[in-house]
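Numbering (the UniProt record's numbering), first residue to last: 1 to 327.
Don't take each hint at face value.
Claimed, not checked - Pair ranges (Cβ atoms, derived):
hint, residue 1, residue 2, range
1, 48, 9, 29 to 39 angstroms
2, 293, 73, 49 to 59 angstroms
3, 293, 141, 36 to 46 angstroms
4, 102, 305, 19 to 29 angstroms
It is worth saying that the hints were derived from the structure and are not from the lab. Backbone N, C-alpha and C define an ideal beta-carbon position, used for all residues, glycine too.
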Amino acid sequence: MMDTEHKHSRASRVDRLAAEAADAARVRALTTDPDVIALRVEKVRAQVDGLVWAGILLGLAFTMVNVQQFAAGAAVAWSLAWCAAWLLDPMVSLVLIAVLRAEQVTARWQVPETGPWASRTKWFAFAATYTMNTWESWAHVDPAGIVLHSVPPILVLAAAEAGPYLRDRLTEAVLVAAVRDAGTTATAVTQPVPQQGIAAPGQAADTTADPAGSGAAGAVVGGSAPVQESKAVPVRERRPAARTAARKGKPVNARVPARRKLLADYVAEARAAYGPGVNVTPAWVREVTDCSRGLSTKVAHQLRVDLDTAAHDTTPLGLAEDDRRAA
């Protein structure tokens with residue numbers, strides 16, 4: 001009775017552990033899935049964008065009061081000059097927000113440059129806002145006022161510079177996950193595992209008969225503990241389709257189905273077309289490989305990674321490849 005309960009309890013623990021292991025395997029498979037990674041990254045991107053924009057808008061709202069006081073000067077409250085002074089800071093802030101919004105979109109799609117005037121406009125808006133905020137404090141040599149009125153403009157500039165970089169890195173995370181998944185799928189090799197007692201093609205079935213005729217197996221695999229033997233099932237090698245068709249008098253179709261083009265094939269084709277002075281962009285990849293718009297981004301990213309790796313390759317093979325390209 002006690003032995004039966006002990007075996008039942010042990011079997012329950014084994015079943016529970018097996019179920020937990022299966023759940024963990026499914027969770028891990030979903031966690032590393034590129035679509036799940038992209039969804040999580042997009043959620044993080046939305047949080048980052050919201051927090052960055054909240055900080056920028058609060059900083060600009062704080063500077064608006066100081067800029068109005070600087071522009072109004074000694075004007076009487078509610079006079080025309082006093083009211084017009086409220087328009088100065090929003091004018092600068094709206095232009096700055098327009099530039100930052102454009103940089104947000106270009107960084108989302110990893111466009112490397114937005115032109116020199118975008119950077120000049122951003123720095124001019126920052127310099128103008130900082131000067132008008134701290135003018136009175138510098139004029140009266142007030143250290144506390146200088147620090148107080150310097151923090152918001154500098155923080156706005158820091159957020160404006162860090163935001164595009166963070167968005168670019170988040171996009172890169174999605175692309176890296178997709179490239180790794182595509183590479184794993186392309187290089188994965190499935191090894192067939194022969195069933196017990198069934199011989200794989202080209203191999204003899206390893207069976208050992210029981211001299212006593214009890215049906216128990218005495219075979220030892222690789223010196224390990226004996227395993228239970230099943231009845232050997234004869235395996236007939238499958239005939240090639242061409243031989244079977246020839247015997248039946250049917251015409252043999254010699255056409256070989258085209259192999260599916262993988263990511264590595266597109267990368268190799270783009271690498272062959274690459275030359276000095278070529279800017280590796282998704283548009284260029286689509287032009288030389290005729291791949292889809294979505295795949296061109298992955299191919300361009302992988303090609304840039306390969307080129308960066310090859311640029312630092314000091315092995316004899318890498319040096320020989322550099323000499324071949326130079327020639």
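Self-check item: Non-conforming hints, listed in increasing numerical order
Solution: Violated hints: 1 and 3; rest satisfied.
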